[in-house]
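Construct the complete structure from the given sequences, taking the supplied hints into account.
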Amino acid sequence: MTRTTNMTKTDDKIFWAFLSVFLLPAGFLLALFARKKDAYVMYYAKHSLVLCLFFVIVWVVGMLPLIGWVIRVVGIMLFLILWVLAFVAALSGEKKTLPVVTELAEKIEL
Numbered sequence: 173m174t175r176t177t178n179m180t181k182t183d184d185k186i187f188w189a190f191l192s193v194f195l196l197p198a199g200f201l202l203a204l205f206a207r208k209k210d211a212y213v214m215y216y217a218k219h220s221l222v223l224c225l226f227f228v229i230v231w232v233v234g235m236l237p238l239i240g241w242v243i244r245v246v247g248i249m250l251f252l253i254l255w256v257l258a259f260v261a262a263l264s265g266e267k268k269t270l271p272v273v274t275e276l277a278e279k280i281e282l
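Residue numbers (our numbering): 173 to 282.
Calculated from the structure, these hints are not laboratory results.
Every residue, glycine too, gets a C-beta built ideally from N, C-alpha and C.
The reader is advised that the hints may include incorrect statements.
What the hints assert, rightly or not - Per label pair, the in silico range of CB-to-CB distance:
#: 1; residue 1: Val246; residue 2: Lys181; range: 37 to 43 Å
#: 2; residue 1: Thr269; residue 2: Leu236; range: 27 to 33 Å
#: 3; residue 1: Lys267; residue 2: Leu236; range: 34 to 40 Å
#: 4; residue 1: Leu195; residue 2: Val272; range: 20 to 26 Å
#: 5; residue 1: Val272; residue 2: Leu201; range: 21 to 27 Å
#: 6; residue 1: Leu225; residue 2: Gly265; range: 22 to 28 Å
#: 7; residue 1: Asp210; residue 2: Ile253; range: 32 to 38 Å
#: 8; residue 1: Val242; residue 2: Ala206; range: 36 to 42 Å
#: 9; residue 1: Ile229; residue 2: Ala198; range: 14 to 20 Å
As C-alpha cells, this is what we get:
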C-alpha cells in the first residue's frame, strides 16, 4: 500500500513559513538555509527574527529591579500575542502585516 501526499507548492510554502515563525531562531535558520529564495517563507522568517530579538531585549531589560520586572511581564505578554498572530498569519497563505514587526522585518536585507 503506497501513501500519496497531496501537498502542493503553496502548502509547502505555508508549512515552511509556519515552521520559521513557530520555532523562532531555529526556524529562522532553517528557512534561511532551506528556503532562502522563497519570498513568502523569508517574509515570515524575518518576522521570526524580529520577534526573537524583541524577546531577548525584553528578557535583558527584565533583569532590572522593579521596573524591569513589570516590563518583562508586559513584554512577554505582548511577545506571545505577536507570536501567535505571526504564525496564524503564516498559515493563512497571505503576506499579512503585524504592527511594528512587519516594518522592522522589511528593513532586514539577507
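#### Entry: Unmet hints by their number, sorted upward, for this structure
7
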